[in-house]
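Enquirer: Sequence:
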Amino acid sequence: MTTQTEPSTVERPSGGAPLEVLQVFSRLGLTCFGGPIAHLGYFRDEFVVRRRWIDEQAYADLVGLCQFLPGPASSQVGFALGLQRAGYLGALAAWAGFTLPSAAALVLFAYGAAALDGPIGAGLLHGLKLTAVAIVAQAVWGMSRQLCPDRQRATIAVAAALVVLLSSEPMAQLGAIALGGLAGLVWCRSDALQRFGDVGARVSRPAGIAALLGFVVLLLGLPLLGSITGSSIIAAFDAFYRAGALVFGGGHVVLPLLRDGFVGPGWVSDDAFLAGYGAAQAVPGPLFSFAAYLGAIAAPASGLTGAAIGLIGIFLPGFLILLGVLPFWHGLRHYPAAQAMMRGVNAAVVGLLGAALYTPVWTSTIRETSDVAIALTGFALLAIWRAPPLLVVAFSAAAGVTGALLR
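Quick note, our numbering runs 835 ahead of the 1-based positions in the sequence shown.
Keep in mind the hints are simulated off the structure, nothing from the lab. Mixed in with the good hints there might be a few duds.
As the list claims (entries may be wrong) - Label-pair distances were calculated between CB atoms; the ranges are:
{"id": "1", "residue 1": "1041", "residue 2": "1240", "range": "29 to 37 Å"}
{"id": "2", "residue 1": "1229", "residue 2": "1100", "range": "20 to 28 Å"}
{"id": "3", "residue 1": "1002", "residue 2": "1220", "range": "31 to 39 Å"}
{"id": "4", "residue 1": "1110", "residue 2": "984", "range": "41 to 49 Å"}
Beta carbons are placed, not taken as given, at the ideal position from N, Cα and C, and that holds for glycine.
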């Protein structure tokens, strides 16, 4: 039997249509379980290996950039992929397709839809978490072969993993990536210049500057506007915007920020907040979709209007700062020093994926030997048999339900 090799470089297809982007990301929005790290694995399998919209190196560079920036890293990566494929409408299509399925499910939950309960529901949720183990393991395996081909970069990856594993601070991820960049400057300068994929060509510098100004003006101006007008709706939008603008280290870090913004003023009870958080773990797509639930039940607006305020408010800052940085990052990374730094950053990203594979993915999911067997089978289906992720999701979910019924 012959095995397929994953492409290191690809010939980029010509631009696509926003409708194509919407279709692809809608399917991902319905099937991407497991949190932001798992989402990056799904994206890599879909857009690097299968569709070849972007090459391995450019994808890793994009992931590294989005890890540096505040906001939801996986959604920012998806936004940039849609932007590259079909311009600004493609970026919006990618966000809508990836986000709205989970947002709709959480709004239904806010209106009283029954949450998963009982042994079958618990088994189903556990099976979906086992899918994340297989997805993240495949991502670590594939990206490490491409991005850590020598001792220097492998060492950077291990060091980044240790920094994250030995620290409980959310900023440890950002620090590990920064240290990886500095190590790349020292250890990775001897490599030849590489040709990177064009992930920022559709954003002009004036547009980037305007996006950065918009990011800062909203961050500083919304609290002032809320205090002047006394509007609770503006205050709620500001709470969502601040959470999206100040969060580093993954989607889960946004939860304490949102709790302070909504439970503190009395807009949402602690019980309702925690119930929504539990439901957010059971749906695919980005954890930031939790904002739709909060907006739907919060006192200032509530309903569909509140859900829309929540989604726009929490995602907007991350997208503005990404648009602002992309055109300048695209030019800087063609310098030898910038390329050396990005090699170190890419290696550090592999380390972060490895650390995430252990905690929280492995430690919160693997309970017994049968869990190892299910996760290992899912990994084999993905990495060896090249099975579509949806098949692995179905297999793991069915195995989780079966295990729960047999207990």
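Enquirer: Hints first: check each against the structure and report whether it holds.
Expert: Results of checking the hints against the structure:
Separated by about 60 Å at the C-beta atoms, residue 1041 and residue 1240 break the suggested range of 29 to 37 Å. A hinted range of 20 to 28 Å is violated for the C-beta pair residue 1229 and residue 1100, which are about 42 Å apart. Checked against the given bound of 31 to 39 Å, the beta carbons of residue 1002 and residue 1220, roughly 37 Å apart, stay inside it. Take residue 1110 and residue 984: their Cβ atoms lie about 47 Å apart, and the range 41 to 49 Å holds.
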